[in-house]
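Participant: Between the sequences and the hints, there should be enough to build the whole structure, so can you do that?
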Amino acid sequence: MPAQDLNSKQSVTVLKEFKNMPPAIAPNNSQEQLMRHGEQRGDDAVSGGGTLRDIKRMEWVAILILCFVNLINYMDRFTLAGILTDVQDYYKIGDGPAGLLQTSFILSYMIFAPLFGYLGDRHSRKLIMAFGVFLWSLTTFIGSFMDNFIAFTTFRALVGIGEASYSTIAPTIISDLFVGDNRSKMLAMFYFAIPVGSGLGYIVGSETAKLLEEWQYALRVTPILGIAAVLLILFVLKDPERGQSEGSGHLATSPLKEDLKALSINRSFILSTMGFTCVAFVAGALAWWGPKLLHLGMAASGNGGDQDSLSLIFGAITIVAGILGLLAGCLLSQKLSHKYPKADPLICAGGLLVSAPLLCGAMFTIDINQYLCFTLLFLGQVSLNLNWAIVTDILLYVVLPTRRSTAEGVQLLVSHALGDAGSPYLIGIISEALKVSLRSDSKSSTNTEESDFHALQYALLLTCFIEVLGGFFFLLNSFFIVDDRRRVDEAVKEKLGEPARLLAVDTDDTRLVD
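With my numbering as the guide, the letters of the sequence shown map in order to residues 1 to 514.
Hints were generated in silico from the structure; no laboratory data involved. Be aware that one or more of the hints could be misleading.
[Stated by the list, open to error] EDC-like cross-link-like pairs, simulated, lysine to aspartate or glutamate; straight-line CA separation at most 20 Å:
#, residue 1, residue 2
1, K435, D89
2, K435, D367
3, K92, E213
4, K92, E432
5, K261, E490
6, K342, D483
7, K435, E450
8, K261, D489
Facilitator: Structure (structure tokens):
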């Protein structure tokens, strides 16, 4: 980054003060240049600083491998949602047990995430990720042969253990490869896999089941891709030194108790985690019940539409909206964060507060105008997806490099425990309870279909209120983000035995600002 220009009078004053600084402060021999407050820099020797042209070939290979594994991770996670009606018919279960399938997966996922986070800060991340991908590939494949619902649910829970290892560790590898704007871009690329993988999960699940006339075959696609991912991780992926991108690769890890204590008083980490928990609650509920709500709504209005076709439409909307939302969030963050240090949490808050009325409108127009419904659903998902990459970026710059995997694990634990671990099951239970009430006055099959639709529709309205709550948490986060980010930078320099970096020049009173 070029040095910032100063007018001649201010330059003389600043340089005099710099020259006359007391000898207790070590001279700056690193060729570092003064920067405006809020901007980031990567040393030229630190990979990832600068532009995309500065990224090395092996770093591109690493990010592509991580994106591929994240893609099939989310494909596997939501393949079941695309064939949910077939699964319910096969095992003869209602909405409550159907929601429990996803809840059992998320419960094991969130329980093991902190464990893998702890291991990821201290042991080989490649081996941990390879083990996790192999485990969820194996258990997904074996689970597709289960004829008993309890056994099938057990294997879905085991899938969650495998996926927890990868999701916890992969973002920290990206943070150790890239810094500044490049890190934000790579995180956005990595999280493109969430909407794209989720959408492909619906499509692959429904179309494979339709083509081969058995829903079990839909669950046997991602395990094949998973084996390829294991080989790429073991033999191609390079695991960088922790803190490498920020020049803090020699920092020592601290005890787990100290890590957890530090995270418990990190205001930005806590508030962004609570905001992300609300996002997880909404995304989990909509991803699981969205296709079925569309199917019931179309049936109640007499417009028809089979589950497979609607899963395809829902998947396509999820993919396109997710890509646009992630891209928009990344671009807004890069454009605004240099001028407005509080921009990241405010973008997340704005996305949730805009998404809530849009998704609410989509739910109430399903049986009125399907094109209006799809439009509102698309716009609502774009707004919801603004925050995925930004939330991870916030975590990475308000937490020390040596405890980032632990922080990822804790964030996953909290967000899933209070978010999508319970939301599919909770929505299913509320829907079942509402069905009893709505069916009490309904005798014909038409009225029964309509009451089933309205029961699920009213249950899903809870997600809109949760979105508003999440927006509130991110708004609170904006009050602390600047101070917490500065503390991490100062702590890294202190641990390395270096003086605090000169972050800014205050041109109003010509003082050096730390």
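Participant: Which hints, by number, does the structure contradict?
Facilitator: Failing hints: none at all.
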